[in-house]
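Asks: Here's the letter readout for the chains.
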Amino acid sequence: MALGNPFQDSLRFERRVPPCAIVIFGAHGDLTRRKLMPALYSLASERRLPPGFALIGTSRSPMSDEQFRDKMRAALTEFPSENPLDEEIWKSFANTLFYVPGDTGDPALYKSIGEKLAEVEKRFETGGNVLFYLSLQPSLYETAAQGIGAAGLAHGNGWRRLVIEKPFGHNLATAIELNEALGRVFPEPSIYRIDHYLGKETVQNIFAFRFANGIFEPIWNRRYISQVQITAAESIGVEGRGAYYEEAGALRDMIQNHLLQILSTIGMEPPAVYEANAVRDERAKLLRSVRIMKPEDVATNAVPGQYGPAHIGGADVPGYRQEPGVKTDSQTVTYAAVTLYVENWRWAGVPFYLRTGKRLPRQVTDIAIHFNAAPHAPFSGGENGTPIDPDLLIIRIQPEEGLSLRFVSKQPGQGMRLRPVSMDFDYGASFGAREPSAYETLLLDAMLGDSTLYIRQDAVEASWTIVEPLLNSWPAQQFEYPNYAAGSWGPKAADEMLARHGHAWRNP
Amino acid sequence: MTAVVTPEKILKDLHSLWATLGKDSAPADAHGVLRACAMTVIVLADDDAAASAIPQTLGQVMQEHPHRAIIVRVRAASDPGLDCHVTAQCWRPFGRQQQICCEQVEMTAAEASLPDAEPVLLAITAPDLPVAVWCRSPRLSDLAALRKLYARADRLIVDSRDIPDPRAALTALARVAAATRGRLSDLAWTSLTRWREIVAEIFEDPARRDSLPNLKRVRVQHSSAAPPATAYYLAGWIQAALNRPDIEVAFEAVPPILGGIEGIVLEFRAEAISIRRAVGTAILIEIGSLKNCTSAPRLSEAELLGTELAITGRDPVFERTLPAAARLAEAPHGG
Numbered sequence: 001m002a003l004g005n006p007f008q009d010s011l012r013f014e015r016r017v018p019p020c021a022i023v024i025f026g027a028h029g030d031l032t033r034r035k036l037m038p039a040l041y042s043l044a045s046e047r048r049l050p051p052g053f054a055l056i057g058t059s060r061s062p063m064s065d066e067q068f069r070d071k072m073r074a075a076l077t078e079f080p081s082e083n084p085l086d087e088e089i090w091k092s093f094a095n096t097l098f099y100v101p102g103d104t105g106d107p108a109l110y111k112s113i114g115e116k117l118a119e120v121e122k123r124f125e126t127g128g129n130v131l132f133y134l135s136l137q138p139s140l141y142e143t144a145a146q147g148i149g150a151a152g153l154a155h156g157n158g159w160r161r162l163v164i165e166k167p168f169g170h171n172l173a174t175a176i177e178l179n180e181a182l183g184r185v186f187p188e189p190s191i192y193r194i195d196h197y198l199g200k201e202t203v204q205n206i207f208a209f210r211f212a213n214g215i216f217e218p219i220w221n222r223r224y225i226s227q228v229q230i231t232a233a234e235s236i237g238v239e240g241r242g243a244y245y246e247e248a249g250a251l252r253d254m255i256q257n258h259l260l261q262i263l264s265t266i267g268m269e270p271p272a273v274y275e276a277n278a279v280r281d282e283r284a285k286l287l288r289s290v291r292i293m294k295p296e297d298v299a300t301n302a303v304p305g306q307y308g309p310a311h312i313g314g315a316d317v318p319g320y321r322q323e324p325g326v327k328t329d330s331q332t333v334t335y336a337a338v339t340l341y342v343e344n345w346r347w348a349g350v351p352f353y354l355r356t357g358k359r360l361p362r363q364v365t366d367i368a369i370h371f372n373a374a375p376h377a378p379f380s381g382g383e384n385g386t387p388i389d390p391d392l393l394i395i396r397i398q399p400e401e402g403l404s405l406r407f408v409s410k411q412p413g414q415g416m417r418l419r420p421v422s423m424d425f426d427y428g429a430s431f432g433a434r435e436p437s438a439y440e441t442l443l444l445d446a447m448l449g450d451s452t453l454y455i456r457q458d459a460v461e462a463s464w465t466i467v468e469p470l471l472n473s474w475p476a477q478q479f480e481y482p483n484y485a486a487g488s489w490g491p492k493a494a495d496e497m498l499a500r501h502g503h504a505w506r507n508p
Numbered sequence: 001m002t003a004v005v006t007p008e009k010i011l012k013d014l015h016s017l018w019a020t021l022g023k024d025s026a027p028a029d030a031h032g033v034l035r036a037c038a039m040t041v042i043v044l045a046d047d048d049a050a051a052s053a054i055p056q057t058l059g060q061v062m063q064e065h066p067h068r069a070i071i072v073r074v075r076a077a078s079d080p081g082l083d084c085h086v087t088a089q090c091w092r093p094f095g096r097q098q099q100i101c102c103e104q105v106e107m108t109a110a111e112a113s114l115p116d117a118e119p120v121l122l123a124i125t126a127p128d129l130p131v132a133v134w135c136r137s138p139r140l141s142d143l144a145a146l147r148k149l150y151a152r153a154d155r156l157i158v159d160s161r162d163i164p165d166p167r168a169a170l171t172a173l174a175r176v177a178a179a180t181r182g183r184l185s186d187l188a189w190t191s192l193t194r195w196r197e198i199v200a201e202i203f204e205d206p207a208r209r210d211s212l213p214n215l216k217r218v219r220v221q222h223s224s225a226a227p228p229a230t231a232y233y234l235a236g237w238i239q240a241a242l243n244r245p246d247i248e249v250a251f252e253a254v255p256p257i258l259g260g261i262e263g264i265v266l267e268f269r270a271e272a273i274s275i276r277r278a279v280g281t282a283i284l285i286e287i288g289s290l291k292n293c294t295s296a297p298r299l300s301e302a303e304l305l306g307t308e309l310a311i312t313g314r315d316p317v318f319e320r321t322l323p324a325a326a327r328l329a330e331a332p333h334g335g
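So the protein sequences, as listed, match chains A and B.
If you're matching positions, the first sequence starts at 1 in this note's numbering and goes up one per residue.
If you're matching positions, the second sequence starts at 1 in this note's numbering and goes up one per residue.
Because the hints were derived from the structure by calculation, they are not lab data.
Glycine included, every Cβ here is placed at the ideal spot set by N, Cα and C.
Please note that a few of the clues may not be correct.
[Said to hold, decoys possible] For lysine-lysine, the following PhoX-like pairs were computed, each having C-alpha atoms within a straight-line distance of at most 20 Å:
1) A:K91 <-> A:K71
2) A:K91 <-> B:K291
3) A:K122 <-> B:K291
4) A:K122 <-> A:K111
[Unchecked claim] Just the calculated beta-carbon pair ranges, DEER-fashion:
5) B:I247 <-> A:I176: 55 to 61 Å
6) A:R60 <-> B:R276: 40 to 46 Å
7) A:N213 <-> B:D48: 40 to 46 Å
8) B:A310 <-> A:N277: 28 to 34 Å
9) A:S64 <-> B:P213: 41 to 47 Å
10) A:G349 <-> B:R320: 55 to 61 Å
Sequences are here, hints too, so could you generate the full structure?
Replies: Here it is in structure tokens:
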């Protein structure tokens with residue numbers, strides 16, 4: 001019996017992936033072409049995939065292996081990986097790609113997948129390890145999982161894991177139902193729920209920033225922080241996904257998952273060790289500490305919005321209701337802002353403002369930590385006697401990942417004139433190395449069996465519990481939409497929500 | 001006649017340099033200049049034509065590891081003079097308005113005056129930050145006149161990739177490594193990381209690891225007429241990793257594809273694993289009927305140096321490998 005790998009060099013080598021096969025359901029879909037294939041090709045070209053590797057794609061479209069390879073190559077041309085296409089590497093990678101056509105509801109599909117898995121296990125020495133990736137409509141998750149289970153594919157010579165994409169249910173009840181269905185086939189530790197925000201380098205860097213530096217933790221609490229703003233703004237509209245968005249809306253699409261995961265990372269207690277369950281315990285604990293809004297609090301602590309048409313940069317931009325696939329009287333929210341409170345000793349009384357929206361002025365995701373003002377300022381004020389702005393820490397998730405600390409400095413010259421200055425850390429400028437995409441990181445972690453950056457079911461349920469009051473309240477009302485113009489920072493009511501606390505949105 | 005070089009004067013010159021940079025940038029650029037320094041890198045180089053490329057290499061490394069650079073060109077001349085001037089390397093990251101600058105001190109010293117130079121060098125390292133000493137010639141890593149500097153270094157970096165006599169160099173390095181207690185790095189070793197990763201990856205499979213006791217011979221293929229230091233390192237690494245000095249080692253000169261190491265073949269009782277350059281940066285791995293292709297571009301000097309500067313602690317694998325490589329180089333089959 002062999003012990004550990006004697007050639008390992010943890011100081012210099014990247015983490016090694018065990019031999020395995022990946023089965024992608026929905027291999028002809030958008031996510032596979034845009035994200036999964038470029039990420040897998042990048043991993044292949046950077047030698048991160050093991051020599052014993054194979055990928056089996058499946059979808060309803062009839063195709064041969066060769067046609068599937070051609071389509072995946074075309075996808076890499078259309079959505080290039082950061083590593084340029086190299087003929088030799090592609091040739092080698094393409095040889096590991098296979099295709100099995102079939103309907104997700106048809107047991108024959110799983111029989112064919114089983115046969116192909118047995119073939120690649122022998123040919124590529126994958127050790128029987130299989131990662132099932134459901135890049136499907138969420139309504140098919142249960143069917144696919146049942147098919148995998150009924151065909152006996154959830155168990156084999158090696159490990160078997162299941163990766164699913166958000167949304168994990170449509171509300172708390174359906175999230176629990178889905179989990180029960182998946183749980184009948186895969187145990188919880190084998191279920192990997194992707195939130196690609198958690199795979200972003202800067203989100204991971206929040207851990208390093210908070211827990212590897214001694215100077216921030218002492219001030220990371222209600223005594224020094226007055227408010228936290230989390231913004232995820234998109235400048236684009238629904239981009240042809242009107243039908244999907246009509247069902248999802250901003251709450252389900254962004255707040256319930258991405259923004260609450262960021263909130264939990266910013267607010268969580270330090271884990272004892274950087275290991276999957278220790279980290280996920282703390283995240284879930286934070287989410288369970290969020291105060292659940294009473295129905296009567298929804299109007300004052302949350303603002304829905306929907307964008308209207310505008311003329312931007314010399315072009316007409318349609319309103320949401322003019323988008324293809326959208327009802328002309330749609331009540332779907334394309335903007336949501338909420339005020340949340342975390343009820344624990346660290347954060348009691350500190351408002352966390354979360355907002356997200358489509359057709360906002362620019363694409364940006366960042367976190368603004370507003371510190372309390374100095375208890376007493378002996379100076380008359382800033383330039384022209386204006387009040388001095390409190391210190392501000394900005395954590396930029398995208399684009400231009402990095403950190404900025406704004407503080408006050410004396411202007412050179414006579415007298416004590418003050419003005420804010422910014423100290424910047426730019427992730428890209430400070431580290432020359434290419435940052436892996438979120439999907440590269442997450443796919444690699446799933447193959448390695450590291451679920452730290454994946455969401456556990458208890459966190460999913462806690463997140464749904466937080467947004468449920470809004471999901472119950474908003475559809476029961478008729479809002480006068482549109483209530484913000486495309487290209488603006490959202491409805492006026494969102495500004496008023498903060499103004500009631502004496503705060504204002506910081507526009508990134 | 002050269003001027004007297006004192007730490008105070010160099011530090012004063014550095015201060016003036018920053019004042020000038022700030023002043024020059026102010027009228028046109030309200031964002032000013034950002035002074036960046038995370039360590040001191042002292043480069044010891046023979047005063048030859050190759051040394052002129054050092055500022056360029058350091059300029060590339062600075063963007064990932066901002067540092068105070070001190071370049072010492074060692075002249076063989078008997079004139080015991082020292083000469084020094086300060087300058088800055090600046091760059092503006094893409095899309096950014098603020099310029100980032102690092103300090104650079106360039107010193108010329110006759111070998112005879114190195115005892116005078118050493119206290120100056122020690123005094124002008126950036127306080128409270130790590131110090132790396134990069135000896136571009138292995139002989140400069142073992143000079144009696146610089147003992148205190150070597151002792152102060154958190155990393156002592158050499159490069160034995162292209163030295164004509166790797167046998168003598170590896171023997172000398174093994175001695176230096178013992179004296180520096182794990183702080184020695186060799187860019188020749190750094191350049192092998194991708195090759196080693198590929199080998200390690202193959203043996204991630206526990207079933208394949210079971211076959212390691214049957215490894216009989218390692219053939220290292222190289223492009224030069226005689227085996228370079230990297231070839232000894234690669235073979236020595238396998239012997240040391242398996243604690244099996246009995247594994248037979250052969251070195252084979254093959255036609256160059258990218259230069260340097262061109263392949264490695266692991267011969268077992270019943271099969272062989274071949275890892276070799278196919279074309280360009282592509283590497284072909286053959287394990288029986290299983291074939292796989294991967295990429296391993298040749299890293300530049302700046303990339304290799306950057307990798308070493310990122311390592312702050314000991315490198316136990318290198319520490320185990322160096323004596324094995326030196327033994328192989330000294331053995332009769334080593335050439």
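Asks: What are the numbers of the hints the structure violates, in ascending order?
Replies: As far as the earlier hints go, not one is violated by this structure.
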